[in-house]
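My numbering puts the first residue of the sequence shown at 354, with every later residue one more than the last.
These aren't lab readings, by the way, just hints derived from the structure by calculation. Certain hints may be false.
[What the hints assert, rightly or not] Below 25 angstroms or equal to it, Euclidean Cα-Cα: the simulated SDA-like pairs (lysine to any residue) are:
1) K379 with G364
2) K407 with I360
3) K455 with P441
4) K362 with R456
5) K442 with A461
6) K407 with A461
7) K385 with D418
8) K385 with Y457
9) K362 with L386
10) K385 with S410
11) K362 with E381
12) K400 with K463
13) K362 with D418
14) K455 with M380
15) K385 with A414
16) K385 with N405
17) K362 with F374
18) K407 with W459
19) K463 with P441
20) K400 with E388
21) K395 with L453
22) K455 with I360
[What the hints assert, rightly or not] Simulated restraints, written as ranges between beta carbons of each label pair:
23) E454 with D434: 30 to 36 angstroms
24) F374 with K447: 15 to 21 angstroms
25) L384 with E454: 29 to 35 angstroms
Backbone N, C-alpha and C fix where the C-beta goes; we use that ideal spot for every residue, glycine too.
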Amino acid sequence: MSSPFPIIKQGSYYTVTWPSFENITKMESNLKLLEILFEQIKVDQAKLILVNEKLYSIDMALWFDKNALTLNWDDLMRNHDVCGVAFPKEDQAKQLQDILEKRYLWKALKT
């Protein structure tokens, strides 16, 4: 079975994307994604893939400084949509894929 959240090796990164779904554009969804990355997967730095295929990095220290995070996200969200996440390690990409698949399945079962 193929996942709706494919993992692709691109250069030195493993990317997780969601091509069958809309890009992440809302503050609430962005914060949920960062919460998963920093608090569940425990990355030191989140590398978000923007629609223009550039990486946008957010340090763990910024995550814990909520005021600075909000200011940075406001700027990001005005100009870009998030369409994936890049990881240096494949196991981290698999963790995100697993989390997203479970959330998608539970959401589908609730409807």
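How the hints compare with the structure:
no. : hint                               : result
1   : K379 with G364                     : violated, 29 angstroms
2   : K407 with I360                     : holds, 17 angstroms
3   : K455 with P441                     : holds, 23 angstroms
4   : K362 with R456                     : holds, 23 angstroms
5   : K442 with A461                     : violated, 29 angstroms
6   : K407 with A461                     : violated, 31 angstroms
7   : K385 with D418                     : holds, 16 angstroms
8   : K385 with Y457                     : holds, 14 angstroms
9   : K362 with L386                     : holds, 21 angstroms
10  : K385 with S410                     : holds, 16 angstroms
11  : K362 with E381                     : violated, 28 angstroms
12  : K400 with K463                     : violated, 31 angstroms
13  : K362 with D418                     : violated, 31 angstroms
14  : K455 with M380                     : holds, 22 angstroms
15  : K385 with A414                     : holds, 17 angstroms
16  : K385 with N405                     : holds, 22 angstroms
17  : K362 with F374                     : holds, 20 angstroms
18  : K407 with W459                     : violated, 31 angstroms
19  : K463 with P441                     : violated, 34 angstroms
20  : K400 with E388                     : holds, 13 angstroms
21  : K395 with L453                     : holds, 16 angstroms
22  : K455 with I360                     : holds, 16 angstroms
23  : E454 with D434: 30 to 36 angstroms : violated, 21 angstroms
24  : F374 with K447: 15 to 21 angstroms : holds, 19 angstroms
25  : L384 with E454: 29 to 35 angstroms : violated, 20 angstroms
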